Structure formats: C-alpha cells, structure tokens
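Going line by line, the protein sequences match chains H and V. At position 22 of the first sequence the residue is numbered 22 (the working numbering), and the sequence of numbers has no breaks. At position 185 of the second sequence the residue is numbered 185 (the working numbering), and the sequence of numbers has no breaks.
Keep in mind that the hints were calculated from the coordinates and are not lab data. Treat the hints with care, since some could be wrong.
Once the Cα atoms are required to be at most 20 Å apart in a straight line, the calculated DMTMM-like pairs of lysine to aspartate or glutamate come out as [claimed, not checked]: (1) V/Lys28 / V/Glu116; (2) H/Lys34 / H/Asp168; (3) H/Lys91 / H/Asp111; (4) H/Lys99 / V/Glu141; (5) H/Lys82 / V/Glu41; (6) H/Lys82 / H/Asp29; (7) H/Lys75 / V/Glu41; (8) H/Lys78 / V/Asp111; (9) V/Lys78 / V/Asp22; (10) V/Lys82 / V/Asp187; (11) H/Lys75 / H/Asp187; (12) H/Lys105 / V/Asp56; (13) V/Lys78 / H/Glu41; (14) H/Lys82 / H/Asp187; (15) H/Lys78 / V/Asp187; (16) V/Lys75 / V/Asp168; (17) H/Lys99 / H/Glu85; (18) V/Lys34 / V/Glu85; (19) H/Lys82 / H/Asp22; (20) V/Lys78 / H/Asp111; (21) H/Lys105 / V/Asp168; (22) H/Lys91 / V/Asp56; (23) V/Lys91 / V/Glu41; (24) H/Lys91 / V/Asp187; (25) H/Lys99 / V/Asp56; (26) V/Lys91 / H/Asp187; (27) V/Lys99 / H/Asp56; (28) V/Lys99 / H/Asp53; (29) V/Lys91 / H/Glu41; (30) H/Lys146 / V/Asp187; (31) V/Lys105 / H/Asp56; (32) H/Lys146 / H/Asp56; (33) H/Lys146 / H/Asp111; (34) H/Lys34 / V/Asp187; (35) V/Lys78 / V/Asp187; (36) V/Lys34 / H/Asp30; (37) V/Lys146 / V/Asp187.
Owing to the predicted nature of the structure, the values given are computational and were not obtained by experimental measurement.
2 protein chains.
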Amino acid sequence: MKTMTRLTLPVLLACSTLVQADMAFEIKDDGTLKRPQGYREWVYVGTPVTPNDMNDGKAPFPEFHAVYIDPESFKHWKRTGKYREGTILVKELVSVGSKLAVSGKGYFMGDFIGLEATIKSAKHFPNEPGNWAYFSFTDAENGMLKATANAFPTAACNACHQASAQTDWVFTQFYPVLRASQAVGHDGTVGR
Amino acid sequence: MKTMTRLTLPVLLACSTLVQADMAFEIKDDGTLKRPQGYREWVYVGTPVTPNDMNDGKAPFPEFHAVYIDPESFKHWKRTGKYREGTILVKELVSVGSKLAVSGKGYFMGDFIGLEATIKSAKHFPNEPGNWAYFSFTDAENGMLKATANAFPTAACNACHQASAQTDWVFTQFYPVLRASQAVGHDGTVGR
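With the rest of the complex left out, here is chain H (with noise of 0.2 Å):
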C-alpha cells in the first residue's frame, strides 16, 4: 500500500495543476492583464474588416480583426451555447495590405497592429456588466504589443456592446463559427 500512496500524490498534484491551467489568461496582483500567449493557435470565430478607406481615414478599429476564443470555453459554447467563468476573446487588429490580386477586387491582409481582449469573469469583474471586462495590448507609438494592460473605464467599451452585441455582450452576429456550433454539440460545420 506504501507504494500505491507514492504513486497516487504527483497524480493529484497533476490535476490541480490542470484545473489552475484551464483559464487562458492571467491576471496579475496589481489587477493588470498579462499580454495573451499562444491565441493564434485558439478557435478563430470571424473576422470584420473595417477599413481606414470606408471611414474617412478613422476606422475606430483598423482594419481587419480577427477573433478568436481560447479552447476550452469553446467547447462550453459549442456543449452550452453560453459563454463561461473565464471566456476570453482577442481581436488581433492587421492592417490592408493591398486591394488587388489574382482573386479579384477587395481587402486582402497586411501587418499586425495591434491586439485588444475581452474577459468574462464574475471573480474578477464583480461591478462591469454581464462581468466583461476590456483591455487593448496596441502601442501605436512603439509598433510593439504592451506586456500588460489595464482593464478600460466601464463606459469606453460596454456602451457599444450593451447596445448591439446579440449575445452575452459578444457581437455573436458578425462571427459565424460562433453562431453555426452554439449549443449544437459539436462545430456545426454544414452537412456534418
């Protein structure tokens, strides 16, 4: 039986570490969020394309941006249909590359400039709406990412999301992985 015991310890030590590393993100003691690793291998669920040319010059975010989710709340969202205790999204932000090729007329990628994230967290975010809370990793002036962000005031981001996001404050409508494999067991690919 002394060996069984040896045995049984690093397993559960295992899976505590397991639970602990089922959140994708990491918040630090002084309440900032660390910069996110590893999301361009994540879910991707969309990606609009608001471009400087079609908005004066100004797009409030430019140009395309592609979204992800971590993994693991996709898989509570393709089981649930709700987004989870720890949900986050990041919106990678590239730039136009060109509006020409061999494909035809339109918006085709160019750089990374930037990244923003959203978290859903009621441990966390007690006071913000439906527990969101907004960060932005852009640094516009050195052309590299911030190692950590401040979550934004409440109203900077929530107005926009209150008023149109369609579910749980996700602009949902605009990323169909999301809408095609909510609460659907499974990625709700056609004909699967």
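We have chain H; now place chain V onto it with these hints.
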C-alpha cells in the same frame, strides 16, 4: 518477460495509429478526398475578402475566405518555414452579411457558403506542380457541402498559384499568421 510482451504490443499498435492520424485528411481508394472534419479548430492563417459588390457581382471566390492550416503542418512550418508532405490548407467561403455596424463601415461576415482545400503530397499527387492538388466541396445548388471531391484538373487552379503565390504555390503574402511564423520557431506574436 511474458508480461512485458503483452504490455508492449498495445503500445506499438497505438504508435502506429498515431503516425497515420498525423495527416489531417483522408483520400479514398477511388482517389477522392473526403470532406475534412474539424478544420474550424485548426490554425487560422488569414482572411482575404473579395466582395461581389467590388467584382461586378461575380467574385471568383465569394466573398470572405477564411483560411486554415492543419496543426501538425503548422508546427512544421514554424520550425522549418516549409510546407511538409501532407500539408492541408482549407479555405472556407463566407458571404458578406452586412456592411455597417456600430464599429463602422466595412464588410461583416454572413453565412458559410462553400469549402475548398489544397493538399501537398508527392505520394498522392506526384505529377502536380509542387505536388499540390486542389478540391472544392461547394454545392451551390443544394446549399450543403459535398461529402467527397475530385481534384481539379491541373490548369484550373495551378496557373494562378504558380504565377502569383509567394511561397511554394501558397499565397503566403495574404496570410499574416504564416508570414510572421515562418521558420522562427514560435507563432510570431509581436514582442514575444
């Protein structure tokens, strides 16, 4: 030693299965490609948009093209900067759903309307340029995706890819995730 033998055999079988599962596609005995599964959880690389209203109502690829690479081939790309034997890229076609949102004027994704794929394989396509073959699962009449697809004749797709694609017949120039991660050993996130 008899006990060791019994334990080893299942382990060897499991490894053999893993090697086969390394490829994210299945080509049937009749040469057709089965429609890929699970690609919305692969690695997203970029989204051109060639809207019908910028192409006289007849975009060759209507309208958003969300492009993914299978995760094992992305690992190889990050490490070597090359598309490995068995790379598959999937292009999911999405309609334009709207052109105005609270975030500005632009193009916003509507519904899934088609699916295409390209595979690099010297084993399966020894005579294709670069060993790339191209497939479409789009079935505009039925609005569903086809279960299988034959490779297009070489001239149908390869001419544009050969003339204009940046890297090994792939339009890497329009996929910032691939550009940023080519042979750098990580996902290319700025400041990482």
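Going through the hints against the structure:
no.	hint	result
1	V/Lys28 / V/Glu116	holds, 17 Å
2	H/Lys34 / H/Asp168	violated, 24 Å
3	H/Lys91 / H/Asp111	holds, 14 Å
4	H/Lys99 / V/Glu141	violated, 30 Å
5	H/Lys82 / V/Glu41	holds, 18 Å
6	H/Lys82 / H/Asp29	violated, 28 Å
7	H/Lys75 / V/Glu41	holds, 10 Å
8	H/Lys78 / V/Asp111	holds, 18 Å
9	V/Lys78 / V/Asp22	holds, 17 Å
10	V/Lys82 / V/Asp187	holds, 14 Å
11	H/Lys75 / H/Asp187	holds, 9 Å
12	H/Lys105 / V/Asp56	holds, 10 Å
13	V/Lys78 / H/Glu41	holds, 12 Å
14	H/Lys82 / H/Asp187	holds, 14 Å
15	H/Lys78 / V/Asp187	violated, 26 Å
16	V/Lys75 / V/Asp168	holds, 17 Å
17	H/Lys99 / H/Glu85	violated, 40 Å
18	V/Lys34 / V/Glu85	holds, 18 Å
19	H/Lys82 / H/Asp22	holds, 17 Å
20	V/Lys78 / H/Asp111	holds, 18 Å
21	H/Lys105 / V/Asp168	violated, 23 Å
22	H/Lys91 / V/Asp56	violated, 31 Å
23	V/Lys91 / V/Glu41	holds, 13 Å
24	H/Lys91 / V/Asp187	holds, 16 Å
25	H/Lys99 / V/Asp56	holds, 15 Å
26	V/Lys91 / H/Asp187	holds, 16 Å
27	V/Lys99 / H/Asp56	holds, 15 Å
28	V/Lys99 / H/Asp53	holds, 14 Å
29	V/Lys91 / H/Glu41	holds, 17 Å
30	H/Lys146 / V/Asp187	holds, 17 Å
31	V/Lys105 / H/Asp56	holds, 10 Å
32	H/Lys146 / H/Asp56	violated, 28 Å
33	H/Lys146 / H/Asp111	holds, 17 Å
34	H/Lys34 / V/Asp187	holds, 17 Å
35	V/Lys78 / V/Asp187	holds, 7 Å
36	V/Lys34 / H/Asp30	violated, 51 Å
37	V/Lys146 / V/Asp187	violated, 33 Å
The earlier numbered hints that this structure contradicts are 2, 4, 6, 15, 17, 21, 22, 32, 36, 37.
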